[in-house]
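Student: Now for the letters of each chain:
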Amino acid sequence: MRKWLFLSLAIVGAMTLNGCDQLDDKKVPSAPVLQAEIPQTPGDKKVAHSEILDKTGESDVREINWDTLIPDDWRPETLMEQYNANELSDDDPRAQQLLEKLKALWSQAPIVPALEGERVKLPGFVVPLEMDTKKMAQFLLVPYYGACIHVPPPPANQTVHVLTREGTAFNGRLFDTVWVTGTMRVEHLSSELAEAGYRLEDASVTPYNE
Amino acid sequence: MAIFSMAWQSLLNRRFTALLTIISIALSVALLIGVERLRTEARESFANTLSGTDLIVGARSGPVPLLLYTVFRIGDATNNISWKSYQDIAALLKVAWSVPISLGDSHRGFRVLGTTPGYFEHYRYAHNRQLEITKGQPFSDLYDAVLGAEVADKLGYKISDSIIVAHGASDVSFARHENKPFRVSGILARTGTPVDRTVHVSLEAIEAIHVDWQSGAPIPGVSVSAEQARTMDLTPKAITAALVGLKSKVATFQVQRFINDYPEEPLSAILPGVALSQLWNLIGIAENALLIVSAFVVLVGLFGMLTALLTSLNERRREMAILRSVGARPGHVFALIMGEAGFLTLLGVLLGMALLYLLLLAGQPIIESRFGIFIELGALSPYEWILLSTIVGAGFLVGSIPSYRAYRLSLADGLSVRV
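These protein sequence lines are chains A and B, in that order. Residues 0 to 209 (numbering that gives the first Met the number 0) make up the first sequence, in order. Residues 0 to 418 (numbering that gives the first Met the number 0) make up the second sequence, in order.
Isolated chain A (complex conformation) (with noise of 0.2 angstroms):
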């Protein structure tokens, strides 16, 4: 009884505390240093990969971060030196064009096509997908929490499409952290802007530890 009761108060503090308006910019700590180095073409793969043993009891997951998801040569930063943004008042025309191509840099969010097919493992914040969210067969992957709420939600590179492994639905909540463990595959979201997105497949997921 007494167990319970503590369970419960827990509950209500638990509830109280992920409360939306709390929001600490909790990241992700990246991946260990060892994969940082990340590499782009399919033949360097075999060198740095990383044969960890995962809790599903795979092996050959390579574990990565999200930064592997954004190629290494873009770069909106470079921009910014460009204009020399620092220098820029916000009523200057420059700032105002700075940030519109800012903006439409952001939206193109390209992908790293190598990673088609790898067996990956990332961590992140879960989006459901649907309303029911004690068997979640689909849902979305964020690398930070609140996303989706706030504006600006992550770019179309910094947001990962996971479909369980069939008869494996996932039962949690929104923003839970947790491992996702699964084939990368690339998505072409529509011919004509030549825009694309990540799609973890056949994936397993795990609760988040450190």
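I should point out that these hints are in silico values taken from the structure, not numbers from a laboratory. Quick caveat, the model's predicted, so the values are computed rather than measured. Just to be clear, a hint being listed does not mean it is correct.
Think about it this way: if two alpha-carbon atoms lie no more than 25 angstroms apart in a straight line, the pair counts; the simulated DSS-like pairs of lysine-lysine are [to be verified]:
{"#": "1", "chain 1": "B", "residue 1": "Lys83", "chain 2": "B", "residue 2": "Lys246"}
{"#": "2", "chain 1": "B", "residue 1": "Lys83", "chain 2": "B", "residue 2": "Lys93"}
{"#": "3", "chain 1": "B", "residue 1": "Lys134", "chain 2": "B", "residue 2": "Lys157"}
{"#": "4", "chain 1": "B", "residue 1": "Lys246", "chain 2": "A", "residue 2": "Lys134"}
{"#": "5", "chain 1": "A", "residue 1": "Lys100", "chain 2": "B", "residue 2": "Lys93"}
FRET-style restraints, in silico, Cβ to Cβ [unchecked claim]:
{"#": "6", "chain 1": "B", "residue 1": "Ala95", "chain 2": "A", "residue 2": "Tyr207", "range": "54 to 60 angstroms"}
{"#": "7", "chain 1": "A", "residue 1": "Pro112", "chain 2": "B", "residue 2": "Arg369", "range": "41 to 47 angstroms"}
{"#": "8", "chain 1": "A", "residue 1": "Asp90", "chain 2": "B", "residue 2": "Ser222", "range": "55 to 61 angstroms"}
{"#": "9", "chain 1": "B", "residue 1": "Glu263", "chain 2": "A", "residue 2": "Lys100", "range": "36 to 42 angstroms"}
Stretch by stretch, here's where chain B covers chain A in the computed footprint (C-beta under 8 angstroms, at least three residues) [unchecked claim]:
{"#": "10", "segment": "118-125"}
{"#": "11", "segment": "152-159"}
From the three backbone atoms N, C-alpha and C, an ideal C-beta is built for every residue, glycine too.
Assemble the complex: chain A is given as a structure, and chain B must be docked to it using the hints.
Tutor: Positioned in the frame of chain A, the structure of chain B alone reads:
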């Protein structure tokens, strides 16, 4: 065996207090499990209402109100969105399908929803289940209506019956669209969602019944007949909200951002799953408070039993002495009181569950028609089993106090009891 019948006779002798104890435990158990049951069933019911929709688009407001008025028909829309904005969103490359929704009218307390035939194709509930028309067909004529199962059941409508839509959302209405009656063209299968309590008509029909209602009331002297309205341009000017399905889920945030930043009109796009999670976060606090209160009620019920048992000990000292004289050991006395406490708790729990199921059975139709929450009379969930066994365990724990006291007394008193 003799000891059981003796214990039973002793309990019968104190049947009044015993019965009161059982009833107080039963009531508290019914309350606790009832609160838990309503909580989980309401969640289940809400979660099963909409499926397969990626974004809900409406006028600028919070995600929770938008979800409540579009999907659950709770509360009213903050504003409408223009038909042009809707067309722009529907034409986006990343949008696979979209279904407009127009609310605001009612029929005898049931909301009327204006939409397109696409609604019956794209609206999904409870893990991708499609709406099914059991009788008739979706609307083909301007003045056709498709009824939800509950509407048809409660008001006894059949195919081809004529119904009149009222302006506003009240059960009693003085502003009816009497000159434009609708014909029931189809009746939907029961879904256990707010769709059951909705009258579906076409968007053009919503426009048609309002052509002579320009500034919030019928224009005096101007009456457009049902037939005249057919010849008019019935393209809707505004809708309440839209359900949107995307070609790719990865694009969800991009489309959401496009809609939220739409320059011509302040709009909101929400992810139904996220909005519902936010709603639960909000309600969760109240739910837990309610659970804690009912847990304390159970505690009070058990303390009632403790009091009853302790007070009975004094009057039973002679009984114990006699038992001792015929060869009962102090351990037997302990077991006797313990057994009684356990028996009372168990009986209380059983009675409480019987009471709860009876109440749920009686309350089921009322809750469904009032709140749209369908309560399933299923077996006990694992969590409820844990709760119940915790209560029984707590009953034994509470019983150990008077048992221990009786054990001590029977050691001290022996046969020389003076009452």
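Student: Now tell me if each hint is right for this structure.
Tutor: Consistency of the hints with the structure:
Proposed proximity of lysine 83 of chain B and lysine 246 of chain B is supported: the alpha carbons are some 22 angstroms apart, at most 25 angstroms. Between lysine 83 of chain B and lysine 93 of chain B, the direct Cα distance comes to roughly 18 angstroms. Compliance with the 25 angstroms bound is thereby established for this hinted pair. The straight-line distance between the Cα atoms of lysine 134 of chain B and lysine 157 of chain B is roughly 9 angstroms, inside the 25 angstroms bound, and the hint therefore holds. Straight-line distance between C-alpha atoms of lysine 246 of chain B and lysine 134 of chain A comes to about 22 angstroms, which keeps the hinted pair within the 25 angstroms bound.
Between lysine 100 of chain A and lysine 93 of chain B, the direct Cα distance comes to roughly 22 angstroms. Compliance with the 25 angstroms bound is thereby established for this hinted pair. For the pair alanine 95 of chain B and tyrosine 207 of chain A, the supplied restraint of 54 to 60 angstroms is violated, since their beta-carbon distance comes to about 32 angstroms. Distance hint for proline 112 of chain A and arginine 369 of chain B: a CB-CB separation of about 55 angstroms, inconsistent with the stated range 41 to 47 angstroms. In this structure the supplied range 55 to 61 angstroms holds for aspartate 90 of chain A paired with serine 222 of chain B, their Cβ-Cβ distance being about 57 angstroms.
Between glutamate 263 of chain B and lysine 100 of chain A the CB atoms are about 23 angstroms apart, so this pair departs from the stated range of 36 to 42 angstroms. A stretch counts as covered by a chain when three or more of its residues have a beta carbon under 8 angstroms from one of that chain; for the segment 118-125 of chain A and chain B the count is 0, and the coverage is violated. For the segment 152-159 of chain A, the proposed coverage by chain B is satisfied: 6 residues have a C-beta within less than 8 angstroms of a C-beta in that chain, meeting the threshold of three.
Hints 6, 7, 9, 10 from the list above are not met by this structure, while the remaining hints are.
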